[in-house]
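Kindly produce the complete structure, drawing on both the sequences and the hints.
Protein chains in written order, with the working numbering: chain V, 2 to 114; chain E, 254 to 363.
Simulated from the structure, these hints should not be mistaken for lab results.
A couple of the hints might just be wrong.
What the hints assert, rightly or not - Label-pair ranges, simulated between beta-carbon atoms:
no., chain 1, residue 1, chain 2, residue 2, range
1, E, Glu332, V, Lys43, 23 to 31 angstroms
2, E, Thr362, V, Met16, 38 to 46 angstroms
3, E, Phe267, V, Thr6, 35 to 43 angstroms
4, E, Phe267, V, Gln65, 27 to 35 angstroms
5, E, Phe267, V, Asp64, 45 to 53 angstroms
6, E, Gln298, V, His11, 31 to 39 angstroms
7, E, Ile309, V, Met16, 37 to 45 angstroms
8, V, Thr98, E, Glu307, 35 to 43 angstroms
9, V, His11, E, Met337, 40 to 48 angstroms
10, E, Gly311, V, Gly41, 26 to 34 angstroms
11, E, Asp315, V, Ser82, 41 to 49 angstroms
Note that the Cβ used here is the ideal one computed from N, Cα and C, for glycine as well.
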Amino acid sequence: EPEVTQTPSHQVTQMGQEVILRCVPISNHLYFYWYRQILGQKVEFLVSFYNNEISEKSEIFDDQFSVERPDGSNFTLKIRSTKLEDSAMYFCASRRTSAYEQYFGPGTRLTVT
Amino acid sequence: AQRVTQPEKLLSVFKGAPVELKCNYSYSGSPELFWYVQYSRQRLQLLLRHISRESIKGFTADLNKGETSFHLKKPFAQEEDSAMYYCALSGAGTASKLTFGTGTRLQVTL
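Have a look at this one:
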């Protein structure tokens, strides 16, 4: 059964550095999402992406964040200048056009020091 | 605004006992509701969606629009049910982001 994959599984970076989190959605899915979960808190929506543009973004998704689908398979989340409070688990998800259920990747744990 | 409330952080039951994980939601339109499960160190997995009205691993959930609830139930808990359970809501709109509850940890003991 196809699954969403994410790399790396764990990323450690220094405050102020740029990070790129990578996701490969399920191949016939056209909607892509990023969520994050700060330790001990709930999963929060960051951004949705469809037809090569952002469909919706949350208040968290400020100018420091950007998303891209650089080729036919990858979907990336870039944080330009990381802050300590960006430390969290970042989940990528995708879904088909014809259904609402989303399928999640295993997550990338981002630690900002 | 859409909101999901899971009032219990932890639910501990004995093996073979019935389980009910509570979920209440707030949404002005007709929501799509889901239960996701996260086993230790694994990804979020879709367990149930309200529209399919199916039973997965013995779990069922009924959408009660009057009480705005979508409680997850299982008649007899198994050890392998121990996990984190998240209720999630998807509202209208093509992008249909998911809004999650805070999750309930189910602990099934012998």
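Against the structure, the hints come out as follows:
1. For the pair Glu332(E) and Lys43(V), the supplied restraint of 23 to 31 angstroms holds, since their beta-carbon distance comes to about 26 angstroms.
2. Restraint check, Thr362(E) to Met16(V): a C-beta distance of roughly 42 angstroms satisfies the suggested window 38 to 46 angstroms.
3. Evaluation of the 35 to 43 angstroms hint for Phe267(E) and Thr6(V) yields a pass: the beta carbon distance comes to about 38 angstroms.
4. Between Phe267(E) and Gln65(V) the CB atoms are about 48 angstroms apart, so this pair departs from the stated range of 27 to 35 angstroms.
5. A hinted range of 45 to 53 angstroms holds for the C-beta pair Phe267(E) and Asp64(V), which are about 51 angstroms apart.
6. The beta-carbon spacing between Gln298(E) and His11(V), approximately 21 angstroms, falls outside the hinted interval of 31 to 39 angstroms.
7. Checked against the given bound of 37 to 45 angstroms, the beta carbons of Ile309(E) and Met16(V), roughly 43 angstroms apart, stay inside it.
8. The beta-carbon spacing between Thr98(V) and Glu307(E), approximately 22 angstroms, falls outside the hinted interval of 35 to 43 angstroms.
9. The supplied range of 40 to 48 angstroms is broken by His11(V) and Met337(E), whose beta-carbon atoms lie about 20 angstroms from each other.
10. Judged by the Cβ atoms, the range 26 to 34 angstroms given for Gly311(E) and Gly41(V) holds: they are separated by roughly 29 angstroms.
11. Between Asp315(E) and Ser82(V) the C-beta distance comes to about 47 angstroms, which sits within the given range of 41 to 49 angstroms.
Hints 4, 6, 8 and 9 from the earlier list are contradicted by this structure; the remaining hints agree with it.
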